[in-house]
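Those protein sequence lines, which keep their order, are chains S and Z.
Just so you know, the numbering used here puts 153 at position 153 of the first sequence, and the rest follows in order with no gaps.
Just so you know, the numbering used here puts 5 at position 5 of the second sequence, and the rest follows in order with no gaps.
In short, the hints are calculated from the structure, not lab data.
Owing to the predicted nature of the structure, the values given are computational and were not obtained by experimental measurement.
Which chain S residues face chain Z? A few, computed with CB under 8 Å, are given here:
no., residue
1, Pro94
2, Ser123
3, Pro124
4, Gly125
5, Phe126
6, Thr191
7, Arg192
8, Ala193
9, Ile194
10, Pro195
DEER-style ranges, computed between Cβ atoms:
no., chain 1, residue 1, chain 2, residue 2, range
11, Z, Pro94, S, Glu95, 33 to 43 Å
12, Z, Trp26, S, Ile42, 25 to 35 Å
13, Z, Asp150, S, Arg77, 46 to 56 Å
14, S, Asp45, Z, Glu127, 49 to 59 Å
Backbone N, C-alpha and C define an ideal beta-carbon position, used for all residues, glycine too.
The lines below spell out each chain.
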Amino acid sequence: MTRARSKLARSELMGVLAVIALIGLSAIGLRLSEPDEKFQVITGDFGEPVKINNGEVSVTQVRVGSFLREDDLLTDRTAGMFVAVTVTAATTGPEQLKLGSARLLSGQVHYDTYQIAGGMNASPGFQVSADTLFEVDPAQIDDLALELWPDEVISGYQQRVRIKLGVTAANAEQWRAAARDHGIEISRVTTRAIP
Amino acid sequence: MKLLPLPRILFAVAALAAVLIYLIWWATYAAIHFNERYTIRPPGAAAEVQGASIRLLSLVRAGELGDAKGGSPALPEPGAVWVVAELETVRQDPGKEFYCELVLLGPQERKWTEAVDPVTRSAPHCETDNPVGQPVRFESVFMVPARYTDQLIGIALNDASSAARTPVVTPPQQ
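Chain Z extracted, bound-state conformation (with noise of 0.2 Å):
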């Protein structure tokens, strides 16, 4: 039997130790970004996503929601309250938009999304086709278990087209 000349012997082990860089990195890579992270934002400072920048101006709680149009306010689950974010975006660039999705953060990476339309608020909702350059205001609602009320740290602002860390607001100190 003929032995396999070296150089060939070389080059297979060359690719083979290619393929398996490629998979740790790409292994390393999914695990790093598989669990979202976080940069936690100053209080009250503004964090810049997709061409706005979006600020928090107050995050309170509420047992029950008043409706805008009169009717019964909208109460939350039992042992839950509502958490009731108002925020502020200046759209700069008209060739991105933000597509509004907002979590609140709390301990331990805790998430909560938007409660969908408890009631009618008189305040707006987050839009994405927002004027350019004019300063807007929006509220999103959430609901939480009312032992994590005094632990919500802020929204995070979620971006799926970006792999950079997910900038979370946090309300101005009192």
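In isolation and in its complexed conformation, chain S is listed as follows (with noise of 0.2 Å):
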């Protein structure tokens, strides 16, 4: 009876190891799935190329304003206000560059993209230029920074772009005041070979 007991306890004992073992093969696997917690920042400024695997991403352009226009045309209005980012991605390793998920950082605040005009996807040798939109909240925009990622449904160690929009504390008023009443034209996707 005891050497019974004793051998139930014992199957007991390796079911729960054998549990704790899925458990911790399930957790590995979310955390894998989940890039969002873990990935290498790597910063740069307006106007400077930032390496990347596979190539360089560039930052050429930042324009406010409250209302967006397509070939002339009114296409949206925000109470807040819009802030586009040409960027311009450069494939100068063997490669394709896709860069698909943009967020725009102010401190804590988060803003995800509020269009992605065309993908961010150049082949081996060429650079594609678009311009990458936000709705933002006026009142914090201080030290904006874009970030940029690949889009990758299982992700390992992720490399992300941050890169700072030149809007400070110190001249932010400016920037309000520059999308008070103005119009954003949103350019189209140019490509070109890397020169």
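Both chains come to you apart, so use the hints to assemble them.
So this is what it looks like as structure tokens:
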């Protein structure tokens, strides 16, 4: 009787250990599919190319406004502020550069993309320029930085580009004033070979 | 506390070892096949893919692409050129189809996919349902940075259903 009880206890112990092992494996799998949790941030400044895997990224223009125009037609208006960031992605390496996700950061505040005018996908030897558009709270734009990263279903250790846009606490009021009653013309995606 | 019997410990160790061997094999296989691998065919030689024999007849560069309907020629993006590939296929197995996934292969395995109909061309596109046993010619157009046009290797015939190396057909020697 004691032996049978001891055998039962051991099998229960093995079961508990197996459950713990499976939970551990699931946790590892979940961690691998959550890119927000771990990534390498590569920082840069407005106008300067930032090197990432397989290419370079730069912010070449920042425009602000309170409404959007496309082919001289008003397409959208905001009570806040639109920020259009022109990004150039150049594929200097052999693999295609794909930057499908972006957000704007201001301290602890994150703004998701309002619109990406076409994908930031560049074939080898080409560079693509496109506007990435955000709708932001004009009161929270200090130290604005653009963060870009590739779309991945399962991601390990990801690289993200974070480029400061030149909006600081000192000049934020000038940006707010520039946005008032001002329209942004969304530019088309342009492609060219890297010079 | 009573120790576990040796056979049971050995069984657990063997099971763990089997799982580890499987994971190592899987990781190695995935690492090998994650990146495309290529087999470069001799100049002008055909490659067999999905029951079809395909060869590259010519690979020429062009500053503009003529429109078969008489419209304006298509210009490449600044700093780039068109590369026009003329290929010939003979479908041998009616039970199989090659899905026309053609990629231009350049230096250090740089790859360019086909340009999406820049203009109407007189030559036909690649088709999946060609008649069996008859040679069919078709054309594929790519846009490539001018700096790489002297380093192009050939056309890779991608077949996603196969884990084998991707054949690359190369143009005949002049």
